[in-house]
Amino acid sequence: MENRPLEYDYTIAKMFMFTTILLGIVGMLIGVILAFQLAFPGVNLILGEGLAEYTNFSRLRPLHTDAVIFGFTLSGVFATWYYVGQRVLKVSMAESKLLMALGKAHFWLYLVVVVAVVVSLFAGVTTSKEYAEFEWPIDIAVVLVWVIFGMSIFGLIGIRREKSLYISIWYYIATFLGIAMLYLFNNMEIPTILGTSASGESGIGSWYHSVSMYAGTNDALVQWWYGHNAVAFGFTVPIVAMIYYFLPKESGQAIYSYKLSLLSFWGLMFVYLWAGGHHLLYSTVPDWMQTMGSIFSVILILPSWGSAINMLLTMKGEWQQVAASPLIKFMVLGSTFYMFSTLEGPIQAIKSVNAIAHFTDWIVGHVHDGVLGWVGFMIMASLYHMAPRVFKREIYSKSLMATQFWIQTLGVVLYFTSMWIAGITQGMMWRAHDEFGNLAYSFIDTVTVLHPYYAIRGVGGLLYLVGFLMFAYNIYKTMSARPVEEHELQNASPMGA
Amino acid sequence: MVNIAELQAYGYFTLTILLVLALYGYIYHLYSTKKDVDGVDYESYSDMALKDDIDDTPVSPKSDKEK
Chain A
94 MENRPLEYDY TIAKMFMFTT ILLGIVGMLI GVILAFQLAF PGVNLILGEG LAEYTNFSRL
154 RPLHTDAVIF GFTLSGVFAT WYYVGQRVLK VSMAESKLLM ALGKAHFWLY LVVVVAVVVS
214 LFAGVTTSKE YAEFEWPIDI AVVLVWVIFG MSIFGLIGIR REKSLYISIW YYIATFLGIA
274 MLYLFNNMEI PTILGTSASG ESGIGSWYHS VSMYAGTNDA LVQWWYGHNA VAFGFTVPIV
334 AMIYYFLPKE SGQAIYSYKL SLLSFWGLMF VYLWAGGHHL LYSTVPDWMQ TMGSIFSVIL
394 ILPSWGSAIN MLLTMKGEWQ QVAASPLIKF MVLGSTFYMF STLEGPIQAI KSVNAIAHFT
454 DWIVGHVHDG VLGWVGFMIM ASLYHMAPRV FKREIYSKSL MATQFWIQTL GVVLYFTSMW
514 IAGITQGMMW RAHDEFGNLA YSFIDTVTVL HPYYAIRGVG GLLYLVGFLM FAYNIYKTMS
574 ARPVEEHELQ NASPMGA
Chain B
-13 MVNIAELQAY GYFTLTILLV LALYGYIYHL YSTKKDVDGV DYESYSDMAL KDDIDDTPVS
47 PKSDKEK
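Taken in sequence, the protein lines are chains A and B. Throughout, this note's numbering is defined as the position within the first sequence, counted from one, plus 93. Counting along the second sequence from 1, when you hit position 33 you're at 19 in this note's numbering, and nothing is skipped either side.
Hints listed in this document are in silico derivations from the structure and should not be mistaken for laboratory results. Please note that a few of the clues may not be correct.
[Claimed, not checked] Taking lysine to aspartate or glutamate and the EDC-like style, the derived pairs with C-alpha atoms no more than 20 Å apart in a straight line are: (1) A/Lys256 <-> B/Asp33; (2) A/Lys256 <-> B/Asp27; (3) A/Lys107 <-> B/Asp33; (4) B/Lys37 <-> A/Glu579; (5) A/Lys485 <-> A/Glu146; (6) A/Lys256 <-> B/Glu(-8); (7) B/Lys48 <-> B/Asp33; (8) A/Lys409 <-> B/Asp41; (9) A/Lys485 <-> A/Glu411; (10) B/Lys48 <-> A/Glu487; (11) A/Lys107 <-> A/Glu487; (12) A/Lys352 <-> B/Asp39; (13) B/Lys37 <-> A/Glu578; (14) B/Lys37 <-> A/Glu581; (15) A/Lys409 <-> B/Glu29; (16) A/Lys256 <-> B/Asp38; (17) A/Lys485 <-> B/Asp41; (18) A/Lys485 <-> B/Asp22; (19) A/Lys485 <-> A/Glu581; (20) A/Lys570 <-> A/Glu437; (21) A/Lys352 <-> B/Asp41; (22) A/Lys256 <-> B/Glu29; (23) B/Lys37 <-> B/Asp27.
[Said to hold, decoys possible] Computed from the model, here is a short list of chain A residues facing chain B with C-beta under 8 Å: (24) Arg254; (25) Trp263; (26) Thr289.
Ideal placement from N, C-alpha and C gives every residue a C-beta, glycine not left out.
In isolation and in its complexed conformation, chain B is listed as follows (with noise of 0.2 Å):
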């Protein structure tokens, strides 16, 4: 008979691996994609701190009528 201690013991497990997964896969994704859905280069986003003017063009405007 499984006890509750035990079941959270091999559910807190299986959650940390599956975490671990989860951020190893992130961390591949990023390096192979290099580019977000939106096909910008990840690294071209340091603009947003560089160039944040008012009137400086966003990196990716919200939407096309509103830039």
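In isolation and in its complexed conformation, chain A is listed as follows (with noise of 0.2 Å):
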């Protein structure tokens, strides 16, 4: 045994791949269903009358957001970890029984609190919160999972060869505190049977449902501090986190300059929790917190823009990589789309474009282009880059690669771009008025004139889809591609024709 060369261990990188492929295409799936069921009511009813409680609007879209926020996203960020951490901190999972144990208890007590999301969703077992629609039960394993998760990352990091900590490394560990911090916070509930209602009746209520321990005003500031962060430590740091390690190690160089990356940091942490408020505006929280979520909003421009520029800086002189490899592609234009996304975000929390901006299809645009346009690419490039270092074998098909990479940035194009005119005009038509204060249109005018955009948003979706799809199949095919030698591995990935 001690005479074998010491090798890094993916073993848990591989299994959580496998989850991130699998949930991607289960929560893009039912995605772009609900478009079409948006643009095309008759789709709600896909499988027949009987079946329609299960595959009406309501019923799927928790299960679209917590797929690909809580499955896809985070199978990624997993993946990702046990990839990066071992190689940052050069050491091995392999030299460490404990550390194997606990990441194999990660993944697997990962995939039973999936199954039972996936099992409880589908039968409307929900608190009706957004994004924290798990009833106590299943909070509970999702705290488990979350501190063997952590005990992954602090263990690791205690075996470490390496004194600092790489900048991604800092990433992760933001996204491990902050996540436990905002999911413990927003889910403090109360399983109904322990209550008593004002007129005396206890045991209300089956087992596992549960009340949240905020009511009112109070509700909504815990819930949208929550879901925005969410935002923040689950699509932004995290992803921060991969293109920090992915791209100056795929493109062999060195981040433009590390001490902004440091900066950046600080800045993102210091600022980013104090933005949720503008998904208040206009509501019955004080004036004051909501001009604060605005201003916070406004400056987070700042470390945003930060990273991303600094990213796009690491490839200076080397802009003929971009034409030259999909991987770089997918990367640069992720880094893209998180500065436009994070200028957009800004831009809707000022308050008098809020007025227009609110309730409308263009917060979903905005969403959607902040995660299919950077966390998708990202966590696909990052696997893309991790398949070759995984199973020793280069990426199936280089082309298929290229025309996924167009195929889905059509895709995300025309999605955000349908939702910024449908969102503008809906917000315009909601509050045209007439001399006397009468409202110009009634609801179902809206819906009319939308319609066009909804269909073109499904094409998008679907786009996405279909090139997920691709992603799916190139990585399952490069497990069996041309076997390569370490010294192919340096930076560039191998890929075939």
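Reconstruct the complex from the two isolated chains, following the hints.
In structure tokens form, the structure reads like this:
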């Protein structure tokens, strides 16, 4: 045993790569169905009247959001952690039986939670809190998964050879701490069987039901502090961790400015947590809190662009790589979409803009140019970079990858442009009135006008899903592609035709 | 008589100012010293990603005997 050269152990990374792809397909497929349901309501009955309960928009919507956030994205975060963590700390999972056992427990318990979530949401069991729909027994299991993830992170850090922590590790730690805090506070709830109603009834409802410990405006504030920071610590922080590792590594270029990466990190941590109030503009929360939400959202441009520009400048003098490698294309476009959506978000958070944008499809468009263009592209690029290294084989097809890139880019563009037009049209129509203050349009007038844009959005989503299936196929075929030598894996990933 | 809400507001304002000063202080510190306490240039930490094979030499090893 002692004589065998030490190698990184990617067992757990591979397991999470599998769930990233599987749950990505599930989440995106449901998303496409939902998009077509909005355009063509008949799709709600896709499996007939009898099963309408399970196929209608309201039942599927939380499945879509939770599958892409907690399924696809988190799996991607875990997969990359179990890959990047070892490498930048220069320590192998194989060196610690405990860490391997924790990693496996992490994966299998996560899978149990995924099954519980899918079954319960399909059955319509939900707390009705957006992005926090899971009932208390599942919440407890989620906390357990998260604690194991934390033990894995700090365990690996504890046995590291590299004294300093690479910037990506900072971001992974922030992801762990941020989500731990947010999840715990937003999901404070009391099982209904423990409660007593005002009229003295006790033991109300099923054992798994619960009510939030917050009510009214307080509930809204905690919910959107959570909701917005789920975007921060789920869709931003760990994805920045990925790009800080995978872009320099794949391109062979040192980060343009490591110092800028450090101060962007603290800037992001400082500012992000205060921005959630922008979801509650013109609501019952105190005015100063709304203003604070707006101001911090605008300031947020700085640290976000600090990271994004840092990544684009990392490619300085090496732009031919963008043309040559589809993998670099994914990452550079991802970084560009990050800049774009972190400019769009602050604009929407300005009170006067929000008066038009709030509750419209423009918000949906904003979320999706971020998650499709930035999160999705970065996770796929990361898995593409990892695949040759964990399977010791070249990526099956470069041309398939390039085709996928262009199909998905077209999909994202169709998605967000249609939602821009739809959203602004909607906002303008809702507030239009005649000289006496009577509303100019009824709700159904807006629906009629928006129909073509809803159809375009559905097509955009479908293109993205098709691209994702190409990605899944490419990774699947990579497992049996041409084996590669160690030296081929230094920087640019080997790809077959 | 100062009530709790007023106190919170002053506290919040002071904390914000302090954090802003801390952040700017940190930026000044990074760009003026250029090196961390171990004397390692911050920019050389990029090598943690570029030279990350298990037998590559760490940028700053945790301790000499573990190297």
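We went through each hint and held it up to the structure:
1. For the suggested pair A/Lys256 and B/Asp33, the alpha carbons sit about 13 Å apart, so the restraint of at most 20 Å is met.
2. Between the alpha carbons of A/Lys256 and B/Asp27 the distance comes to roughly 14 Å, so the proposed pair stays at or under 20 Å and holds.
3. About 25 Å separates the Cα atoms of A/Lys107 and B/Asp33, which puts this hinted pair outside 20 Å; it is violated.
4. With a C-alpha separation of about 14 Å, the suggested pair B/Lys37 and A/Glu579 falls inside the 20 Å cut-off, and the hint holds.
5. A threshold of 20 Å between alpha carbons decides the hint, and for A/Lys485 with A/Glu146 the separation of about 46 Å lies outside it, so the pair is violated.
6. The suggested pairing of A/Lys256 with B/Glu(-8) is violated, with an alpha-carbon distance near 45 Å, which exceeds 20 Å.
7. Only pairs whose Cα atoms come within 20 Å are accepted, and B/Lys48 paired with B/Asp33 is accepted, the gap being roughly 15 Å.
8. Restraint check for A/Lys409 and B/Asp41: the C-alpha separation of about 29 Å exceeds 20 Å, so the hint is violated.
9. Between A/Lys485 and A/Glu411 the alpha-carbon distance is near 26 Å, which puts this suggested pair outside the 20 Å criterion.
10. About 34 Å separates the Cα atoms of B/Lys48 and A/Glu487, which puts this hinted pair outside 20 Å; it is violated.
11. At roughly 16 Å between alpha-carbon atoms, A/Lys107 and A/Glu487 fall within 20 Å of each other, so this suggested pair holds.
12. Only pairs whose Cα atoms come within 20 Å are accepted, and A/Lys352 paired with B/Asp39 is rejected, the gap being roughly 24 Å.
13. Straight-line distance between C-alpha atoms of B/Lys37 and A/Glu578 comes to about 17 Å, which keeps the hinted pair within the 20 Å bound.
14. Under the criterion of a C-alpha separation no larger than 20 Å, the hint pairing B/Lys37 with A/Glu581 is consistent with the structure, at around 14 Å.
15. The suggested pairing of A/Lys409 with B/Glu29 holds, with an alpha-carbon distance near 16 Å, which does not exceed 20 Å.
16. At roughly 13 Å between alpha-carbon atoms, A/Lys256 and B/Asp38 fall within 20 Å of each other, so this suggested pair holds.
17. The hinted pair formed by A/Lys485 and B/Asp41 meets the criterion: a straight-line CA distance of about 18 Å does not exceed 20 Å.
18. A hinted pair counts as satisfied when its Cα atoms are at most 20 Å apart, and A/Lys485 with B/Asp22 does not qualify at roughly 37 Å.
19. Restraint check for A/Lys485 and A/Glu581: satisfied, since their Cα atoms lie roughly 10 Å apart, inside the 20 Å limit.
20. Among the hinted pairs, A/Lys570 with A/Glu437 is inconsistent with the structure: their alpha-carbon atoms are about 38 Å apart, more than 20 Å.
21. Proposed proximity of A/Lys352 and B/Asp41 is contradicted: the alpha carbons are some 26 Å apart, above 20 Å.
22. For the hint linking A/Lys256 to B/Glu29, the alpha-carbon distance of about 15 Å falls within 20 Å, and the restraint holds.
23. Restraint check for B/Lys37 and B/Asp27: the C-alpha separation of about 16 Å stays at or below 20 Å, so the hint holds.
24. Nearest Cβ of chain B to the Cβ of A/Arg254: about 5 Å, under the 8 Å cut. The hint holds.
25. At a threshold of 8 Å, the smallest CB-CB gap from A/Trp263 to chain B is about 11 Å, leaving the interface hint violated.
26. For A/Thr289, the interface hint is violated, the least distance from its beta-carbon to any beta-carbon of chain B being 31 Å, above 8 Å.
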